[in-house]
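Once you have looked at the hints, place chains E, G and V on chain F.
These are the residues of each chain, in order.
Protein chains: 4
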Amino acid sequence: MIVQMKKYATEKEIKKLVDFLTERGFSVKDISSEEIKMFGVVGDTMNLNVSHIEAFEGVYKVHKIQKTYRLASRDYKKEDTIIKVKEGLTIGGGSFQIIAGPCAVEDKETMIEIAENLRDNNVKMIRGGVFKPRTSPYSFQGLGIAGLKMLKEVADKYNLVVVTEVISPEQVDLIKDYVDIYQVGTRNMQNYPLLKVLGAQKKPVIIKRGMSATIEEWLLSAEYVLEGGNPNVILCERGIRTFERYTRNTLDITAVLAVKELSHLPVMVDPSHASGKYEMIEKLSLASLVVGADGIMVEIHPHPEKAYSDGAQSLKLHKFNSLVKEVNRLKKVL
Amino acid sequence: MIVQMKKYATEKEIKKLVDFLTERGFSVKDISSEEIKMFGVVGDTMNLNVSHIEAFEGVYKVHKIQKTYRLASRDYKKEDTIIKVKEGLTIGGGSFQIIAGPCAVEDKETMIEIAENLRDNNVKMIRGGVFKPRTSPYSFQGLGIAGLKMLKEVADKYNLVVVTEVISPEQVDLIKDYVDIYQVGTRNMQNYPLLKVLGAQKKPVIIKRGMSATIEEWLLSAEYVLEGGNPNVILCERGIRTFERYTRNTLDITAVLAVKELSHLPVMVDPSHASGKYEMIEKLSLASLVVGADGIMVEIHPHPEKAYSDGAQSLKLHKFNSLVKEVNRLKKVL
Amino acid sequence: MIVQMKKYATEKEIKKLVDFLTERGFSVKDISSEEIKMFGVVGDTMNLNVSHIEAFEGVYKVHKIQKTYRLASRDYKKEDTIIKVKEGLTIGGGSFQIIAGPCAVEDKETMIEIAENLRDNNVKMIRGGVFKPRTSPYSFQGLGIAGLKMLKEVADKYNLVVVTEVISPEQVDLIKDYVDIYQVGTRNMQNYPLLKVLGAQKKPVIIKRGMSATIEEWLLSAEYVLEGGNPNVILCERGIRTFERYTRNTLDITAVLAVKELSHLPVMVDPSHASGKYEMIEKLSLASLVVGADGIMVEIHPHPEKAYSDGAQSLKLHKFNSLVKEVNRLKKVL
Amino acid sequence: MIVQMKKYATEKEIKKLVDFLTERGFSVKDISSEEIKMFGVVGDTMNLNVSHIEAFEGVYKVHKIQKTYRLASRDYKKEDTIIKVKEGLTIGGGSFQIIAGPCAVEDKETMIEIAENLRDNNVKMIRGGVFKPRTSPYSFQGLGIAGLKMLKEVADKYNLVVVTEVISPEQVDLIKDYVDIYQVGTRNMQNYPLLKVLGAQKKPVIIKRGMSATIEEWLLSAEYVLEGGNPNVILCERGIRTFERYTRNTLDITAVLAVKELSHLPVMVDPSHASGKYEMIEKLSLASLVVGADGIMVEIHPHPEKAYSDGAQSLKLHKFNSLVKEVNRLKKVL
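Protein chains in written order, with our numbering: chain F, 1 to 334; chain E, 1 to 334; chain G, 1 to 334; chain V, 1 to 334.
Keep in mind that the hints were calculated from the coordinates and are not lab data.
Check before you lean on any hint, since a few could be wrong.
Each pair may be met inside one copy or between any two copies, as identical chains are not told apart.
[As the list claims (entries may be wrong)] In silico BS3-like links for lysine-lysine, alpha-carbon gap of 30 Å or less:
{"#": "1", "residue 1": "Lys277", "residue 2": "Lys61"}
{"#": "2", "residue 1": "Lys325", "residue 2": "Lys6"}
{"#": "3", "residue 1": "Lys196", "residue 2": "Lys15"}
{"#": "4", "residue 1": "Lys6", "residue 2": "Lys277"}
{"#": "5", "residue 1": "Lys77", "residue 2": "Lys64"}
{"#": "6", "residue 1": "Lys12", "residue 2": "Lys29"}
{"#": "7", "residue 1": "Lys29", "residue 2": "Lys277"}
{"#": "8", "residue 1": "Lys12", "residue 2": "Lys316"}
{"#": "9", "residue 1": "Lys277", "residue 2": "Lys78"}
{"#": "10", "residue 1": "Lys15", "residue 2": "Lys37"}
{"#": "11", "residue 1": "Lys86", "residue 2": "Lys61"}
{"#": "12", "residue 1": "Lys37", "residue 2": "Lys196"}
{"#": "13", "residue 1": "Lys157", "residue 2": "Lys77"}
{"#": "14", "residue 1": "Lys203", "residue 2": "Lys306"}
{"#": "15", "residue 1": "Lys37", "residue 2": "Lys325"}
{"#": "16", "residue 1": "Lys319", "residue 2": "Lys78"}
{"#": "17", "residue 1": "Lys124", "residue 2": "Lys306"}
{"#": "18", "residue 1": "Lys61", "residue 2": "Lys12"}
{"#": "19", "residue 1": "Lys77", "residue 2": "Lys108"}
{"#": "20", "residue 1": "Lys77", "residue 2": "Lys331"}
{"#": "21", "residue 1": "Lys29", "residue 2": "Lys6"}
Quick caveat: nothing in here was measured; it's all calculated off a predicted structure.
Excised from the complex, chain F in its bound form (with noise of 0.2 Å):
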């Protein structure tokens, strides 16, 4: 942490500083120059609270330099976390998975045709909303627990994993034994409590990039749920937002490049909510592949135009099939 003065600091001032700094064992070194007056902060300052010292008097800004985060970053665990999620089926470390499914489940029949075309694409996870955060209190909010089930028995006859997502903390106990993965949506990237919960299953935890996170804010994300004790974290880029309108959001591709340098976690990329558009979406899977991202997360229906939500982002069936094939001519390659 690297503190910088006021120009006209006073020395009592910065005794204060000092004094505080020292007795909690830090110790202080002066960098100052004639142009500023500035100190390094020697010690552990991941806990060290930015504000905390902006708050002196005579004190300008304050830089951390260290990471804010621990069990997340790569300084912590050199090699890459693959995670199981079960006997057979790992995410990261070199594999390029997809997780594919209806926006939001829906009904039965279009379930099982999905399910079906996973199954001839060799996909082995399926992903359908049941409680669904909707910006307006007037769209449909999904089928609830009960729509969940429906999943699970689906995915439990074409050998499939659930992943859904879940958007309060006292969902989680309703759920569990219905879900392989627990996904956590843009919005709910920094909901903490449900982070907490979470942080104490066991089953992993794919946490979706707030739309407008920095992915220091992101890797605390992960943070919270490795703190309280689960390891099985998976971070998915699904586009920021930015001034551009043509496209829902803006694919991060940089992201994954970052991630991969500052973290030993998997992290997918979701092309569908990135673009909002489905004829990008096979295009930016492949790009994500490249990049070397551990898989994608796509969302398909047989029938966009009779889908409850997200419509204009899914990938017909017939389409998804051509999109599975190019993933996997591209990865023989690379």
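Frame of chain F; chains E, G and V shown alone:
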């Protein structure tokens, strides 16, 4: 709603769409020109889903014109909503109220010192967090329900109203006896399970704007509470995330004016989070007053450099005294 | 400047970097802790290039602490700069000046109507664009030098100062006899050839903030003009681009406060471009006044619906009269 | 164009607007419903100004549906534009070209070293800046015309095409004999006087995307050049500014797909500026290839830690060799 077709949309594609819409009671008017093929969808399109219509083959883009919220809109209710907090204390409709207190409730002596100061300034509402949504799991997470009881005790002694943040639906029941106004923080603006629970309460709810939320999304969050049956919603602008890093956030003062046009709900300003700098709070408060905000929510602390959180943006008590004096002076003139 | 090394940086890599820095006269202090290897670079690092140092092997990240601008900074000059526009007319140092006029100069009658109105309101500076930087090549591009001569003629008649936008370095010579204050628009804030030419002039230059520029970048643009020898720089906040689309831009009122801390230069506000809505201009003007801006720049027009550009944000003359009255009333109180 | 009226717009206000539009040859269709009063304006509304119409009394908001650009649009020209740079060298239409070179031209030996490397890699186009638009006036501003002549001499020797940035209209005449492709940088995307001069040239122009420009604004900048008579426009995505600071910018890979849909013009990617980190360049180049970009523009340098600028994002020559090899390998597969 305007449906813009692709240049080469077929008659069959158009028919399928038009049939879908007319079957649902909408009338469809052709407003195409040589350059562009498009239709106006006439009827109550509020709940017609953009993504659903965009999923039809041949559709290029859907433009939603009608507002997506109803109860929160100025069209629905022309006069300003005035919220009665308790006998003799209202928010909205021309008064300019001040809510002040520490970021987090810490210890009783500090709370008393603050409460006395509020009383002396004729400020009626005290804030203090006990469930803190902190970006890092290693930061102070608040004193919980014990802290709230302490806050309530102090508030009662000084005849103050209690405002505190709630971050999870199951907390509402726990805290409802100790709270006069619920606060929904920026990270929970789209925590819909929480908003639904608050919609079933009677006490007022302050909804802070999400840090990169549009005004429409913010009003839709208010709509969740209104639609649930609780008409006592207060909006609070607290700064949005921008590229600028000199200040913690960027106060969107224009949003106050926009909300006043679009909605009948009161809107307050939080200059502490907006700037992150105590030196700016007084002037931003005055600016909020002149544009017509219904009040401010300010972080104050007798010893910011000892505060557990947000020290840099906490106003010392004597500076808060000056702020109140300046606000009162300006109020008289306007 | 702080140089943070990679965890596994070698002694040889460190030596190479340290040698490079010490050869250039800097001293290097080790402020590493167990968690993090880093060095403070002591000396005048203003012109030391971050990207240059980050290119050294073993370097993880460079944190520039020292300001990147000098002449524009409050450290360089403590007192507010007051710019003399002409005898008896200054900008900065506590006065609150108004510049007003149409977006574009159109015809003589309109200009006369506006000029008369300014005179009646005791406003001393008229603005009007003749080289319009329009997003579309098909939009009205301005009347050019002929328009400027007309503006000058009218201004002289009513004893007004002329403010006009310049968008290309070679225009400066063409227009310098007809202009009292040059305006650099948001799209040209980083047009460095233009800033260099203006640095060689004596007349004042208003630099509008780039629509997604940081305050530091903005001050660096001012630095170009100052460094060129022209001390008469006025900054103008005109709204930044954010996600919000209800208003054209978002007025960053906090930027006024930030500039006042960081720099000695005057800073004005353009509420017309900031909001894009004439209904908001008066209140945003008052907010600018109370936070301490040095004035406003407003678009006015007798018949906005006939204006060639920016009609929606142009104030009708009678509304401008009211604005001036309100500003004067508030000025008296502050 | 859709004109949405205020709820309480009067008959007189509506008549005034409708008359204005019909007098100009548009037909106006009423598509109001109970909830909303609005009109479709039928005709070629491309040049109808939104702000102009919004200035009419009673108008709430204008929604422009028709594209604002014509010559740049895919509707205007269905087939991909293929730009002939010289005999046997084209950009667009399926080839994937590489432009490489240093950020700035520095000295002859370095340029020769780079040029040899390009030749060995069968890369045909060399870039190098001589007029550098630097954020700080104290940073290296480029060698100017002398540097360009040196670049041209080296390029001729190795049979390379010269790409250089131009930052001011009057430079075009000075440099036209030494340049094969003009580059317009991110800060000059809306430098319209410059775009107009380039519209009168015959040689190709690369237009980088403004750092917070929308795709529509970017295409409108292309429209300036096209409308001026120069059909040889190449777009280049170079990363946009977002909240993320770990990378210099955020590569908007989705923009490549969007441009391919909206326009017939070729679009390249600059992974160096997009990420600011040399470690990311290779993978981002491969991603650009798989989504269908027409090429990349990369900064390379034999000794990045000695480069005058942009060292951190410059690829060493042996890493560039590897990039070219990987690109070629992947090209074969696709």
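Do the hints match the structure? See the list:
no.: 1; hint: Lys277 / Lys61; verdict: between (43 Å within a copy, 11 Å between copies)
no.: 2; hint: Lys325 / Lys6; verdict: between (61 Å within a copy, 28 Å between copies)
no.: 3; hint: Lys196 / Lys15; verdict: neither (39 Å within a copy, 45 Å between copies)
no.: 4; hint: Lys6 / Lys277; verdict: between (50 Å within a copy, 14 Å between copies)
no.: 5; hint: Lys77 / Lys64; verdict: both (22 Å within a copy, 29 Å between copies)
no.: 6; hint: Lys12 / Lys29; verdict: both (17 Å within a copy, 24 Å between copies)
no.: 7; hint: Lys29 / Lys277; verdict: between (54 Å within a copy, 26 Å between copies)
no.: 8; hint: Lys12 / Lys316; verdict: between (69 Å within a copy, 19 Å between copies)
no.: 9; hint: Lys277 / Lys78; verdict: between (37 Å within a copy, 21 Å between copies)
no.: 10; hint: Lys15 / Lys37; verdict: both (13 Å within a copy, 26 Å between copies)
no.: 11; hint: Lys86 / Lys61; verdict: neither (49 Å within a copy, 39 Å between copies)
no.: 12; hint: Lys37 / Lys196; verdict: neither (41 Å within a copy, 32 Å between copies)
no.: 13; hint: Lys157 / Lys77; verdict: neither (38 Å within a copy, 51 Å between copies)
no.: 14; hint: Lys203 / Lys306; verdict: neither (33 Å within a copy, 40 Å between copies)
no.: 15; hint: Lys37 / Lys325; verdict: neither (60 Å within a copy, 35 Å between copies)
no.: 16; hint: Lys319 / Lys78; verdict: between (38 Å within a copy, 24 Å between copies)
no.: 17; hint: Lys124 / Lys306; verdict: within (25 Å within a copy, 51 Å between copies)
no.: 18; hint: Lys61 / Lys12; verdict: within (18 Å within a copy, 33 Å between copies)
no.: 19; hint: Lys77 / Lys108; verdict: neither (43 Å within a copy, 42 Å between copies)
no.: 20; hint: Lys77 / Lys331; verdict: within (27 Å within a copy, 35 Å between copies)
no.: 21; hint: Lys29 / Lys6; verdict: both (17 Å within a copy, 21 Å between copies)
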